[in-house]
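Given the coordinates of chain A, work out where chain B should sit on it, guided by the hints.
If you're matching them up, the sequences are chains A and B in order. Residue numbering for the first sequence follows my numbering, starting at 9 and increasing by one per position. Residue numbering for the second sequence follows my numbering, starting at 4 and increasing by one per position.
Any given hint could turn out to be false.
[Claimed, not checked] For lysine to aspartate or glutamate, the following EDC-like pairs were computed, each having C-alpha atoms within a straight-line distance of at most 20 angstroms:
1. K145/B x D275/A
2. K458/A x E124/B
3. K507/A x D316/A
4. K38/A x E76/B
5. K458/A x E120/B
6. K653/A x D285/A
7. K122/B x D443/A
8. K145/B x D373/A
9. K136/B x E447/A
10. K122/B x D382/A
11. K430/A x D80/B
12. K390/A x D373/A
13. K450/A x E128/B
14. K400/A x D373/A
15. K535/A x E85/B
16. K129/B x E415/A
17. K119/B x D373/A
18. K498/A x D481/A
19. K450/A x D139/B
20. K534/A x E85/B
21. K107/B x D316/A
22. K450/A x E124/B
23. K586/A x D567/A
24. K535/A x E120/B
25. K430/A x E48/B
26. K797/A x E696/A
27. K458/A x E128/B
28. K38/A x D80/B
29. K390/A x E128/B
30. K145/B x D330/A
31. K137/A x D285/A
32. K136/B x E465/A
33. K71/B x E415/A
34. K430/A x E76/B
35. K371/A x E120/B
36. K400/A x E120/B
37. K640/A x D666/A
[Said to hold, decoys possible] Just so you have them, the derived chain B footprint on chain A, three or more residues with Cβ under 8 angstroms:
38. 122-131
39. 231-244
40. 340-351
Source of the hints: derived by calculation from the structure; they are not laboratory data. Glycine residues also receive a C-beta, built at the ideal position from the N, C-alpha and C atoms.
Chain residues, written in single-letter form:
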Amino acid sequence: MTNHYNDFKNSDVILNMGGNVAENHPVSFKWIQAAKDKGAIFIHVDPRFTRTSTKADIFVRLRSGTDIAFLGGMIKYLIDSNIYDEFYVKNYTNASFIVNPRYSFDDGLFSGYDPTKRAYDKSTWALEKDEQGIPRRDMTLQDPRCVFQLLKKHYSRYTLQKVSEITGTPTTDLEKVYKAYGSTYTPDKAGTVLYAMGWTQHTVGVQNIRTMAIIQDLLGNMGIAGGGVNALRGESNVQGSTDAALLFHIIPGYMPTPRAPWATLEDYNKTTPSSKDPRSVNWWKNRPKYLVSYLKTMYGGKSTKENDFGYGWMPKLDAGQDASWLNLFDEMFKGTFTGFFAWGMNPACSSAHAGKVRQALTKLDWMVNVNVFDSETGSFWKGPGMDPKKIKTEVFQLPCAAFLEKEGSISNSGRWMQWRYKCANPPGAALPDGDIMFELFKKVRALYEKDKGAFPEPILSLKWDYETSGHFDIHKVAKEINGYDLTTGKLMVNFVGLKDDGTTSCGNWLYSGSYTEAGNMAARRKKTDPTGLGLYPEWSWCWPLNRRIIYNRASVDLDGNPRNPKRPLIKWDAVEKKWIGDVPDNAVPPMGTNGAYPFIMKPDGVASLFGPGLNDGPFPEHYEPLECPIEKNLMSNQRINPVIKVFEGGLDTFATCDPKYPFVCTTYRVTEHWQTGVLTRWLPWLIEAEPQMFCEMSLELAKLREIKNGDWVRVESPRGKVEAVAIVTSRWKPFNIAGQTIHQVGLPWHYGWLHPKDGGESVNLLTPTIGDPNTMIPESKAFMVNVRKVARQPAPTKKIEKKG
Amino acid sequence: MKITRRTFLKVSGATAAGTVMGGLGFDLTPVESYAQELRIKGAKETTTVCCYCSVGCGIIVHTDSAGKVINAEGDPDHPISEGSLCAKGASSYQIAVNPNRLQKVLYRAPYSNAWKEVKWEWALEKIAANIKKSRDASFMEKNAAGQVVNRTNGIASVGSAAMDNEECWLYSKMLRALGLIYVEHQARI
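Here chain A stands alone, though its shape is the one from the complex (with noise of 0.2 angstroms):
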C-alpha cells in the first residue's frame, strides 16, 4: 500500500475491485464506514454480488478478466470530459514528456514485437533526452508525441459501447461509475482504490494495476491523505516476507538478485538507475550502500573490500532467467531437483494446477515441510490416487510454534511492522520457526566444516551469531536487519548513515531505524496523532522512515502548501525550512523552491502514466484471459497477451471457448476461512461455519442444469474435477457479451482431501499453469470450467436428520 487502513476514514469516494474487503478484510471495513459515515461514495465493482456489495453507494458487475477494458473506458471518459488535475498532470506526472517516433501501437501490438520470441524490444518505448539527458517535454500537452497525447489516443477505442461488450457492464452503469469516481479530480477530494488478488491472479495482472494508477495519477491522488493505490495483501506478512525477499527475483529491499553477466560488485553497481536531472532525486542512486551494508549482514568479519564484500559468495541466476513459482514447480515436476522446501506453505493446495505440484512432490528425494499443522503438502504421498509403496520422497514433518507462541514483528499492508510478544509456550516439541532454522544451519555449517564438500566458503563465512545465553535471540537478528554503524557499534539510525565502504551494516535498508539505540520501534504503542488524519506516527514503526504516505510530497503545490487545505498531509515552514506533518518524501525543498520532483523511486522523478519497463507494453491494453468464453478480442486481434509464456505438455492443458468448458468460473475467499484452510479447518469453531467446498451460480445457470440449491455437482477443468454443494443465488448473473449469455460461477479455495473428511477438495485442482508476463503470478481469477449435477445427497443435511 502507499497509504494505510486507517486512511481509508479520508477518502471521498472509495473504490474497491478485485477485491471483496468486507468478506476478506473485514475489520478494515470500519474505516470504510468511517468515510461514508462522513458522506463518502463507497463503490464495488466485481463479478459477483458480495457482502462487499452490500454496504456500497454502487455495485456494479464485470466479467472476470475485463478490468482493463473496465478502466481503460474510464481514462477515456475522465479526458473526453476534461476531469483530470491538469497540475497534478503536469508536474507530477509524465503526461508532458515526447516519447521515442518510433513507437506505436496497431491491432494490440506495441511496436518491437518479435512472434517467435513472444517479447518485446523496448528500444522504441523509450522517452526522448535532450543534450544533457534531462527528459524533453511539452508542459502544453499537445505535441502529437507526448505522452498525454498517446494515452488520450491509445485509450479512443475504449468506447462504452466496446467496453460494455467485452465487460458485459451495462454503459449506464459504467457511467455511473466513471462519473462518481472521477469526482475527485479536484485538489480538496481524494479517491482511494482497494484490490487484491481480484487484479493480481490474472495474465494482465500487473496492467490491471497499472491502469488504475494511471487514474490516479490523472485524478491526483497519489501521495495524499485519502488516496494512493492499495493492495489489501492476503496474509499478515506478506508485506514483510516480500520485504525480506524471499522471491527468486530480489534480494531484501527490493535490490535485484545478483546475475551472471554482473560477475562483481562494479559490474552490479553499473545497473543503478541513474538520471540526469538534477531535480530527481533518483534513490535508487544509493543502492549501492546498502548492498554492502547487506552483504556486511551475511559474511560479517569476512566481507571485506579486498573481497568484494563477498559479493562472489551470492549465488547468481543467468541473464533473463526466470525461477518463479510456475517455472519452480515445472522444474521439479521435470525432476530437477532433490530436495525441497515448503516451509510454512501448502502448495499442493495452494498452487495452481495443484494436481501438477502434487505430481512434482513425487519427483524429490527429500521435502522438509514445516508446519503448525498437518497438511495436504505433508502427507501429499497418501493423498488421492497416491501409492505410498511407489513413492521416493522422504518427509520430514516439523512441528513449528503458531504466531501467538513466539516473538518477533510482522509487517501489514500499510507498512505497519508491529511487534508480537510470546503469550504461550508452544505445544509439545513444536519449535518457533527461527529457532529451527538457526539450530539446521548449524548443523549443515558442522558438516562442511568436517568434509569441506562443493563451494563451502559462502556456508563456512556466513555470520551466525544469534545466539543470547545459548539460545537463540530474535532480537538480536532484528538488530542486525536494523543494522549498524560498524565504527562504533551503536545500531544506525535509520538508512540515511549507510555506507558503501563496509563501515556500516544493514540487512534490509528499508527497515534500517526500526529497532535503534533508542529502543524497540515496532513495539511502541502511543497514540499520539498530531495531523489528525490517524497517522499515529508513534504506534508501531512504518518503513521507509516512519514515513506514513509514500509520496506525500505529491500532496503539496510548488511552494509546499497543502493543495487540500481540509486534509493537509504535510507542510512547508519557509521560515525554518522544513516539513512538518508526515515524514517527507524526501527532505528537499518544494518543487517552487529549486526543489525536486516528489515520485522519487522513479528515476525521472514523476509518476509514470507511460511506463516503457514492463514486458506486455507502456500502456495496458485489454486482452482476454488464456482461456475465455470468446473467440475474439474485440479490442484487437490478439486475444491473450502476446508475450505470455504458454506451458504445453505434460499436464499442462488448456481449452479456451471448448463447449465442455462452457463457463466463465473464478476462485474466491470467505471470512471464516485463510488461505488453503491450513490452519482454520482444524479449528471447530470456524469449520462449523463453512464446513465445505461450495460452488455459487446463478438462478438462470441452475435452471440451465437442473441444479437445485444443495445439490451436488462436478465442477471440471481441461485439468482436473472437483465436487462442491451447489448454492444457487441472485448473487450471480449471467452476463450479455457482445449480444450472447455468458455464465460465471465461482468456489472458495479454502479445501483439501485431508481434513475435514468430505470438506471436498482443492478448487486449485482446476486452475491452470500461466502467469502474468512481468510477476508469473498465477491466472487463477478466469478460467474455464463445465458445472454438472452429480448424483450424491447432501451428507450433513442427511446426517442430521438420521439422528433427529
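Just chain B, lined up with the frame of chain A:
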C-alpha cells in the same frame, strides 16, 4: 478512578447486561459478572497481532498461572482494529488450544505408508546431510556460458509469509548462503 476506555467499556457492558436481564423479570447480573470474572481471573495479558489477513488487528491473549492460553480477544487500544476481530481472529484461542496441532517431529521414509516419530536432533542431522548431498551434487560454479554463478540447482524452497520479519530475513539469508536460486513464497501466488 481514572476512566480509560477499557474501564468505561466494562462498566457500560455491565449496565447493558443488567438492562437486558431486567427485561426478563429477574436479574442475572451477578451471575454474569461472576462468570466473566472466572474466565480471566488472575490471568496474564499479552499483546500480539493477528496471523491471518494483512490488516494487522491487535489481539490480547490471556494465560493462566500455568501459562495456558485461556482466552484471546480484540485489543481495544489498537488504532486499526479498536478491539474488533473477525471470525478468524476471534478464534485465535483455538490455534493455541487444539488437539490437532503438530506436536511431534515426524518422518516418512521412502516408500513407507506411515509417519514415524523421531527426535529433533536426529531429524535436523539427517536433513543437514540431505542438504549437503543435494547441494554438493548439483552445485554449479559456472554456467553454460562460462560465467560464474555459484549456485545450487538441485534444491528449491517455498515459504513463508506466515513467519515473522526476522525469521523471513534469516531464512532468506540461510537459503542464499546455501546457494539456492529457486526461492519463492506466497507473494507470488
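Query raised in the report: Which hint numbers doesn't this structure obey?
Result: 5, 6, 8, 16, 21, 24, 26, 29, 35 and 38
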